[in-house]
Amino acid sequence: MLKFIVKRLLLCVIILFFVMFAIYLLMRNLPSSYVETTARELAVRPGNTKSAQQWIAELNAQYGLDRSPIEGFVTWLSSAVKGEFGDSWYWTVKVTDKFNEVIWYSFFLGLIAFILEIMIAIPLGVIAAKKQYSITDYTVTVIGLVGISMPSFFVATVLKMVFAVKLGWFDPIGMETARLAGTLSGFRWLLDVAWHFVLPAMTLTILGIGSLMRYTRTNTLEVLNADYIRTARAKGLSERRVIGYHAFRNTLIPIVTILGGSLPGLFSGALITETLFSIRGIGYASYYSMIGGDIPFTMFYLSFISILTLLGTLISDILYAVVDPRVRVN
Amino acid sequence: MEPKNFNEELKKAESEAKLGRVGNEDGTMKLDDTQRVKVLSPGRLVIKRFVRNKLAIVGASILAFMFIFCFLGPLFYPYHQTQKFYKTDILQNASYASARERTTYSAHKLAGGDDVHRSVVNMVNSHITNNMEPNQLTQLFVFDDGGANRYLLQYEADSVYSLYDTDLLRVGQFSLYLLIGEYDSFLRQLVLADGVTLGEAFTAAAEAAIQDKLTEFEYDGVSYTVENAGAKKYHIKQYADHPLLYDIEPIGAAFEAAAKGAIESKTFRYEGDTYTVSDATPGTYRIDRVTIGNRRYIYSPYTINLLDDTKTLSTAFLREALVALVGDETFEFEGETYTIGEEDGEINLYRGEAPYGIFTTFSVSRSNGSGALPIAFKNDLKAKVNEMIDRNVTSDTLLTQLELQNSDGSIARDEDGKIIYVDTEVSITRKGNEFEVRCDRLEYLIDIYGRPMSTLTSDTHLIGTDGDGYDVLSRIMYGGRVSLMVGFIVVIIEIILGVIMGGISGYFGGWVDTLIMRLVDIFYCIPTMPVLIIIGALFDAVQMESMTRLMWMMVVLGFLGWAGVARMVRGQILSLREQEFMVATEVGGLRVSRRIFRHLIPNVMPQLIVNATAGLGSVILTESVLSFLGLGVKHPLASWGSMINSVSDYSSMINYTYIWVPVGLLICLTVIAFNFVGDGLRDAFDPKMKR
Chain C
28 MLKFIVKRLL LCVIILFFVM FAIYLLMRNL PSSYVETTAR ELAVRPGNTK SAQQWIAELN
88 AQYGLDRSPI EGFVTWLSSA VKGEFGDSWY WTVKVTDKFN EVIWYSFFLG LIAFILEIMI
148 AIPLGVIAAK KQYSITDYTV TVIGLVGISM PSFFVATVLK MVFAVKLGWF DPIGMETARL
208 AGTLSGFRWL LDVAWHFVLP AMTLTILGIG SLMRYTRTNT LEVLNADYIR TARAKGLSER
268 RVIGYHAFRN TLIPIVTILG GSLPGLFSGA LITETLFSIR GIGYASYYSM IGGDIPFTMF
328 YLSFISILTL LGTLISDILY AVVDPRVRVN
Chain F
3 MEPKNFNEEL KKAESEAKLG RVGNEDGTMK LDDTQRVKVL SPGRLVIKRF VRNKLAIVGA
63 SILAFMFIFC FLGPLFYPYH QTQKFYKTDI LQNASYASAR ERTTYSAHKL AGGDDVHRSV
123 VNMVNSHITN NMEPNQLTQL FVFDDGGANR YLLQYEADSV YSLYDTDLLR VGQFSLYLLI
183 GEYDSFLRQL VLADGVTLGE AFTAAAEAAI QDKLTEFEYD GVSYTVENAG AKKYHIKQYA
243 DHPLLYDIEP IGAAFEAAAK GAIESKTFRY EGDTYTVSDA TPGTYRIDRV TIGNRRYIYS
303 PYTINLLDDT KTLSTAFLRE ALVALVGDET FEFEGETYTI GEEDGEINLY RGEAPYGIFT
363 TFSVSRSNGS GALPIAFKND LKAKVNEMID RNVTSDTLLT QLELQNSDGS IARDEDGKII
423 YVDTEVSITR KGNEFEVRCD RLEYLIDIYG RPMSTLTSDT HLIGTDGDGY DVLSRIMYGG
483 RVSLMVGFIV VIIEIILGVI MGGISGYFGG WVDTLIMRLV DIFYCIPTMP VLIIIGALFD
543 AVQMESMTRL MWMMVVLGFL GWAGVARMVR GQILSLREQE FMVATEVGGL RVSRRIFRHL
603 IPNVMPQLIV NATAGLGSVI LTESVLSFLG LGVKHPLASW GSMINSVSDY SSMINYTYIW
663 VPVGLLICLT VIAFNFVGDG LRDAFDPKMK R
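Quick mapping for you: the protein sequence lines, in order, are chains C and F. Numbers in the working numbering are just positions in the first sequence, counted from 1, shifted up by 27. Numbers in the working numbering are just positions in the second sequence, counted from 1, shifted up by 2.
These are calculated hints, taken from the structure and not from any lab test. One should not assume that every hint holds.
Mimicking DSS-like on lysine-lysine, the simulated pairs with C-alpha atoms at most 27 Å apart in a straight line are [as the list claims (entries may be wrong)]:
| # | chain 1 | residue 1 | chain 2 | residue 2 |
| --- | --- | --- | --- | --- |
| 1 | F | Lys111 | F | Lys89 |
| 2 | F | Lys384 | F | Lys433 |
| 3 | C | Lys34 | C | Lys109 |
| 4 | C | Lys158 | C | Lys262 |
| 5 | F | Lys313 | F | Lys386 |
| 6 | F | Lys56 | C | Lys157 |
| 7 | F | Lys50 | C | Lys158 |
| 8 | F | Lys313 | F | Lys420 |
| 9 | C | Lys158 | F | Lys56 |
| 10 | F | Lys56 | F | Lys13 |
| 11 | F | Lys239 | F | Lys268 |
| 12 | C | Lys157 | F | Lys433 |
So the derived label-pair ranges between C-beta atoms look like this [stated by the list, open to error]:
| # | chain 1 | residue 1 | chain 2 | residue 2 | range |
| --- | --- | --- | --- | --- | --- |
| 13 | F | Ile422 | C | Lys193 | 44 to 50 Å |
| 14 | C | Val71 | F | Met125 | 31 to 37 Å |
| 15 | F | Thr462 | C | Asp114 | 54 to 60 Å |
| 16 | C | Tyr272 | F | Gly45 | 54 to 60 Å |
| 17 | C | Val71 | F | Glu427 | 52 to 58 Å |
| 18 | C | Ala70 | F | Thr314 | 46 to 52 Å |
| 19 | C | Lys109 | F | Val557 | 35 to 41 Å |
| 20 | C | Val71 | F | Glu338 | 55 to 61 Å |
| 21 | C | Phe31 | F | Arg600 | 34 to 40 Å |
| 22 | C | Val283 | F | Val557 | 36 to 42 Å |
Only a predicted model underlies this, so the values are computations on that prediction, with no experimental measurement involved. The C-beta atom is built at its ideal place from N, Cα and C for all residues, glycine as well.
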C-alpha cells in the first residue's frame, strides 16, 4: 500500500510539473499582459518622462519577464518549491496573504453546498432506485438531469431574480450588507455573511445535486440486483431493513469513494458562482487575476487546483481500496 | 462462402416447413413455430430498446425540434440576426434646437480663396475680435503667411470684413530715435550699439544718470533719454526728428507728417492711396504703399433668416448675399434677383419686391437633422433669449408654434403642402452663450429593448428586441446554430483525437501506452475552465475577428477534452484485443490499421456514441458559460451565452427578463435533451442495468 502511494505521488509530481510548465508558457504568451497595461497607464501619468516602451522594458526587468520562458519557469518553480509565490500584481499583496484571506470563504461556501448535496442527493437517489420506473423515479431522474444541464450563470441569475429581486429576501450580490460594512463584529457579522451565502450555496447545491443523485441511483440499482439482497429478502427481512441496512451499506462503498475524492475540491472555490455573487473567495480572486494577466497569482491558483485534482483522484483510489476489501492495490 | 443472415435462414426454414406441413392452413401458430421467436438484428434491438424509453424519446423530440428551430427556422423567419429595427417614439424633453448670438466671424470663401494660406484664414477671426476696434471705418491689417503673400483685412460694413490680396511697395523709412546703447544694471555694463563711438566719459555719464534714476541726461550738448527696457536693462536713446528717407520719388512734407502721425494706427491714407507703417528695426519705421488686389474671403457673423421656412439657406447663397451687402446691394442667384435694404435697423433681403429674409447674428439651428426652422419660432426665441439675458435667468419656458408631427415622426402638412404648426411649450436653458430649446418630440430611434409583441412599432417581435435593436427570436435561432455547431464540432474533434490516441495506446501497449497515458493524465489535470478563461483573454487581446475566434475556440475546447475519450477507448480496446476475433484477425494476417479501425473501433462505437451525446451537452454548457463571461462568441455573432451576458447587469436582469429567461431555458432544454438521449442510448446499448 505504501509503495503504491509513493509511486502515485511521484507520478503526480511529474504530471504537475508538465501541467505547470504548459500553463506558464500560456501565461507568458499572453499578448496584452499585465505589464503592458500597467506600462501604458504609467506612460500617460502626469510628470512621466518615459515612453510606454521604456516602461515595458523596466517593468519586465522588475518582474523577471525579460528572461526566456524556460528560465522564467525554472525561477518560478525553484521559489514555488520553497513556498515563495511572490507578490500578486493585481491584488498588490503577497500571493500567500491573499490566499489566506480568501480561501476560507470558498471553503465554507463549498462545505455548506457539499453537506446539502449529500443530505439531499443520497436519500433521493436511493428512493429512486428502490422504486425504479415509478413516477418518483422519473421525477428524481429528471430533477437530477435538470440540475446537471443548467448553466451555473442561469441558475444564479434565476435565484437572484426570484429571491433577491422579487421577494427581496437576500442581496443580489456582495458578501455583507453594504450599508453595514465594517460596523458589525463577531457573531452578527458571521450571521450577515451566512445570510449572503444562502444564494450561492443554493446555486452550488442545485448544480451539484444531479450527478451525485444519478450516481447513487445507479449504484443502488446495481446493489439491489445483487444476490445477497435476494437472499436477504428470501430470509424474510423487512423491506426497510433490506434497503436501509444491507443495500445502503453496500451502496455507500462507491459513494464514499467519490465523496472522499471530492473533498480536496472544497478548497478549489467556485469560479463562476463566486464571481457572479461577488463572494470574495479564491474563485473570485483568481478570476480577476486571470483576466488581469497576474502571473504570480494565476500560477499559484492553477498549481493549487491541479494539486487538488491529483489529490482527489489519489484519495478516491486509496479509499476504494480501503472501503472495499475485495479491491487489491495495483 | 457467402455470409449467412441468421434471420433469413430462419425464415427460409420456416417457409419450407410450412410447405411440407399438412393442414393448419388457417394461419394459426403452433407453440413450436420458429416464427414465434422474432430475431432482431443488434441495431434494431438497440433502436427498439431506445424507443421504449420515454425520457429518451422526449429528449430526442426536443433535439429534433431544436435542430429544426435553429437550422431551418431562420429560412422561414423574416428577420436576420444583425438586422436593426427602428421605431418612432416620444423622446421626453428632447433637444429641439439651439440658439446663440454669433460672435465668431465665419469665413466665406470667394473666387481664388483656395490660394490663401490656411493659417491666414484661421487667424482672421481672432484678429477681428481681439485687435480691431468695432465699426471703425478705415481699418486694415496686413497678414503675411510667412512667404511672399500679403493680405489685407479691411472693414467693409457693420460686422463684415474682407480679406484682399495685396501688393506692397516700399516707399521709404524714417527713424524716431537712435538706440545708443543698452545698460545692464545687473552686470553694471553699458553696451553701445554698433557704429556708435562715444568715449569713456559718455559711459560714466550714462551710468551716473541711470543710478540717479534720471530719465534724461545731457552729454556734449546732446540730450539722451533713458528708458527702462525691463529685465534690469535700460535703453539709452537719442530722440531726434530724422527725415523720411524715400526709396522712390519724394512725395512731400504733408505725406511725411501723415506717415509720422500714423505710427499708432499703422495705416493712413494719402491722396487716395493706402499706406502702412510698420516696425523695421527699433525706432525705425518703414512705409509701404498698399495696392489692393482681389477680394479672397469675406468674414461675417451674419446669417439670414429666411421668411419661407420650406427653404434652407445654402452657403453659396449666404456668400452672395454678403458680397452684395458690402457691394451694390443687389445680386442674382439661380436666376432670381435679390436686393438688400435697411429698414428699422434691420437689414432685409428682398426677392424682387417681396421680403425674403433678414440678416441676423442670432442663429438658431436644429439639434437633429437639417431643415429650416419656422421664422415665428426664431423671432419668439430671440425675444425670449433677450428677455432672459435682461432678467439674468438661466432657464425659462416659452409657448411657441412648432411643426405638428405625424405618428411616424415626419412633419405634418396640410393639403397645400404647408407645414401645420401647433402651440408647443418648450423649455430654454442657457449654457454659457448657448440657449438650448427642449421639448417632447417624436423621434425615429433604434428599437432598443423593444417589449415582446409590442405594437408600438410596425414590425412585431415575438420576444422583443435586444440592446442593439436586433430581433431576439432571430438571434436565438442563429445563436442556437452557433451553440449546436460548437457542440458537434468540438465533440468530433475530441473523438477523432481520443480514438487515435486511445486506439494507439490500447493496441500497442508498452512504452507508447505509458507515454500516451501520462499525456492523458496531464490533460486530465489541466484545469479546463481557468485555462479557457485565460485563452479567452488572449483572444480578446489579439482582437480576433469573431468568426476566426469561434473556430479557434472550438479547436481549443476539443484539444482540452480528448483525454476522457482516449482513456475510455484504451480501456475498451485493452479488453477487446484479448478476444478470439482479434486473434482471428491476426491469424488472417490483416494490416494493423485495418485491425484497429475495422475491427476494434466499431466495437467501441456504442460507448463512443453514448460518450459523445453526453459530451455534446457539456460542451454546449461550457461554451455558454464562456460566452456569458464575454470570453467566448463575440458580437455580432450570437450565441446563447453571449445573449444572456448582454443583459447580465443588475438593472437589465430585472427589466429584460424576456430576453434571458427564454434563452436560458433553451440552453437547459437542449442540454437536458442531450442527457436524456445519452442515457437512453446507454441503456439501449447496455441492457444489463435493467431489472
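Going through the hints against the structure:
1. Using a Cα cut-off of 27 Å, the hinted pair Lys111(F) and Lys89(F) is violated, with the two alpha carbons roughly 41 Å apart.
2. Taking the CA atoms of Lys384(F) and Lys433(F), the gap is near 16 Å; set against the 27 Å cutoff, the hint holds.
3. A hinted pair counts as satisfied when its Cα atoms are at most 27 Å apart, and Lys34(C) with Lys109(C) qualifies at roughly 23 Å.
4. At roughly 21 Å between alpha-carbon atoms, Lys158(C) and Lys262(C) fall within 27 Å of each other, so this suggested pair holds.
5. Restraint check for Lys313(F) and Lys386(F): satisfied, since their Cα atoms lie roughly 24 Å apart, inside the 27 Å limit.
6. Distance check on the hinted pair: Lys56(F) and Lys157(C) sit about 19 Å apart at the alpha-carbon level, within 27 Å; holds.
7. Of the pairs offered as hints, the one joining Lys50(F) and Lys158(C) holds, with about 23 Å between alpha carbons and a cut-off of 27 Å not exceeded.
8. For the proposed pair Lys313(F) and Lys420(F), the alpha carbon gap of about 12 Å is at most 27 Å, so the pair holds.
9. Under the criterion of a C-alpha separation no larger than 27 Å, the hint pairing Lys158(C) with Lys56(F) is consistent with the structure, at around 16 Å.
10. For the suggested pair Lys56(F) and Lys13(F), the alpha carbons sit about 32 Å apart, so the restraint of at most 27 Å is broken.
11. For the hint linking Lys239(F) to Lys268(F), the alpha-carbon distance of about 22 Å falls within 27 Å, and the restraint holds.
12. For the hint pairing Lys157(C) with Lys433(F), the CA-to-CA distance comes to about 78 Å; that exceeds 27 Å, so the pair is violated.
13. Separated by about 48 Å at the C-beta atoms, Ile422(F) and Lys193(C) satisfy the suggested range of 44 to 50 Å.
14. The hinted range of 31 to 37 Å is satisfied by Val71(C) and Met125(F), whose Cβ atoms lie roughly 32 Å apart.
15. Taking the beta carbon of each, Thr462(F) and Asp114(C) are about 58 Å apart, inside 54 to 60 Å as hinted.
16. Separation of Tyr272(C) from Gly45(F) is about 43 Å and departs from the stated range, judged on CB atoms against 54 to 60 Å.
17. Against the hinted window of 52 to 58 Å, the Cβ-Cβ separation of Val71(C) and Glu427(F) comes to about 47 Å, which falls outside the hint.
18. Between Ala70(C) and Thr314(F) the C-beta distance comes to about 48 Å, which sits within the given range of 46 to 52 Å.
19. Our hint of 35 to 41 Å for Lys109(C) and Val557(F) holds, since their Cβ atoms are close to 37 Å apart.
20. The hinted window of 55 to 61 Å between Val71(C) and Glu338(F) holds, with their beta carbons roughly 57 Å apart.
21. Separation of Phe31(C) from Arg600(F) is about 38 Å and conforms to the stated range, judged on CB atoms against 34 to 40 Å.
22. Look at Val283(C) against Val557(F): about 39 Å separates their beta carbons, and that is inside 36 to 42 Å.
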